[in-house]
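Colleague: This is what each chain is made of:
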Amino acid sequence: MTDAIATGGLTKYYGRRAVVNSLDLRVPAGSVYGLLGRNGSGKSTTIKMLLGFVRPDRGSAHLLGEDVATLRPAVRARVAYIAEGHPFLRWMTVAEAIRFTRAFYDRWNDELLDQILDHFALPKRAKIRRLSNGQRAQVSLALAVAPDPELLILDDPTLGLDTVVRRDFLESLIQIIQREGRTILFSSHILADVERVADRIGILVDGALRVDCPTDHFKQSLRRIVAEFRDQPPPLPACDGLVSSWRVGNRLELVVVGYGTRHDRLVESLEPSSFEVLELNLEDAFIEYTRGPRRSLPLLAAENQHDQHIGV
Amino acid sequence: MTSTLAYKELRENVWIAALGLAAMLLVALGAMGYAPLPGILGTARQPGQIPFTSDGFSYQFGLVACGLALALGFRQSLGDFLGDAQLFVLQRPVNRGRVYGTKLVVGLTMYLVCGALPIALYAAWAATPGTHASPFAWSMTGGAWTAWLAMTAVYLGALLSGIRPAAWLGTRLAPLAAAGLLAGLLALPLPWLAGWLVFAVGDALLVATIVWVVLTRDFA
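Residue numbers (this note's numbering), protein chains in the order written: chain A, 1 to 312; chain B, 1 to 220.
Because the hints were derived from the structure by calculation, they are not lab data. Bear in mind that the values here come from a model prediction, so they are computed numbers and not experimental data. Possibly wrong hints are sitting among the right ones.
[Said to hold, decoys possible] Cβ-Cβ distance ranges computed for the label pairs, FRET-style: (1) V164(A) x G180(B): 29 to 35 Å; (2) E279(A) x S3(B): 29 to 35 Å; (3) R102(A) x G97(B): 19 to 25 Å; (4) S3(B) x L112(A): 34 to 40 Å.
[As the list claims (entries may be wrong)] Stretches of chain B that chain A covers, calculated by requiring three or more beta carbons in the stretch to come under 8 Å of a beta carbon on chain A: (5) 8 to 21; (6) 114 to 125; (7) 181 to 194; (8) 206 to 220.
Heads up, the beta-carbon is just placed ideally off N, CA and C, and yes, glycines get one too.
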């Protein structure tokens, strides 16, 4: 399978800080890839480098097989982008935004565009500046899809949308995905959205890609182990795949990646009075993986934490 | 697609050009003896004043043209950064050079046309026999045309200051300061051809810098 997006050692510094650090990202053609990360983890900078808005300090990026640094307009026309916050020229009406956008593309699907506008009940005469955030997102989606792109890059497209609009937006996105051969890369803070649509995820932590695997694999490989002790839990020995661990009273909680019998044996060796292994949903898994050593304020229970962080 | 980009620039900035043109026409009308807003824009023509030579037209025109050049330059550059609007344009399959080249050509054309009309109107009035009791030769309009050309540097400096990323306001305004110094050469008694040459070279340097900034800067 060819890659719709491929980066090699992609790096960007702002000042002395590497906001994206040696990123090797591959998005197979036809896949839906969810790019996750906390605020400031480098998602938007990565996307802007892919689209040529930001120049990398090191490394390379290829879209649809062509180097981004020398991307021809003909190839660029096969890539659609929905920017965070859905920027528009706000003086335009929806019809003017359509006319403006259509002028840049040889391929343009008026029928699909009208279907999407009708579905969302968006009048073409409406001024963009009078539309709600959700309606602007819908116009963005319609304009992105109308040129029939092979690759869609969406930067946190559901940010700021209410639950109903977000669901509508995602349902439409799923229908668009079902069109043959289309590749989608989208970043999001809303894990449930990613879980719904992405078949592969990447997690950026401080600009580095720490996870890159199928969504189901990520969910299945992370477990929370909760062990109860009669007294204070003993010190935890070194352990492969340990994402974090912390103590609350006589309880020891571990989050491990690549869960297996070795983790069970490790916990049994500590001689707990009981222990259980819990599955994590994607949101919990993501939080455990990216939260770092800081946890919620221990106002109600004294926490004795000693987090450790590892890579997959 | 260039015509689409040009329409966008016209649509966004025509009101500034219209205001500038109206202000410069008031200055020209004042010089012709029809000052609708005396004391605000344009002064009523005094008897014995010689058009373009002893009526202060070039100075007043230069001030208003400077205002128009600043407004156009900053509106065209900073306006696109409000709400990340530039991403709506830059994501299209067109290179940055064409986007900003169109912006520059449209902005400069708007300034040049709006500036040229009042000078041409006043010159046509001055060249019409019976309108004033003083001699007139077309070469007398040289000072006004030089002021008109000098303010192109202010437009380019404002555009460059708006486009160029810089953390500190003083650094950001450096191109405008340089353009202001260039336009300040108006005060020197240069022969008009030498003046035009200086402004043409200065403008070419500013345009080259704009192209370099546009092609190399990040739009984060």
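Colleague: Hint by hint, say whether it matches the structure.
Modeller: Tested hints:
1. V164(A) x G180(B): 29 to 35 Å: Violated - the Cβ-Cβ distance for V164(A) and G180(B), about 54 Å, lies outside 29 to 35 Å.
2. E279(A) x S3(B): 29 to 35 Å: violated (58 Å)
3. R102(A) x G97(B): 19 to 25 Å: holds (22 Å)
4. S3(B) x L112(A): 34 to 40 Å: Violated: the Cβ-Cβ distance is about 25 Å, outside 34 to 40 Å.
5. 8 to 21: As far as the segment 8 to 21 of chain B goes, the hint holds, because 3 residues have Cβ atoms under 8 Å from chain A.
6. 114 to 125: Answer violated; 0 residues pass the 8 Å Cβ test.
7. 181 to 194: violated (count 0)
8. 206 to 220: holds (count 4)
When each numbered hint is compared with the structure, violations occur for hints 1, 2, 4, 6 and 7.
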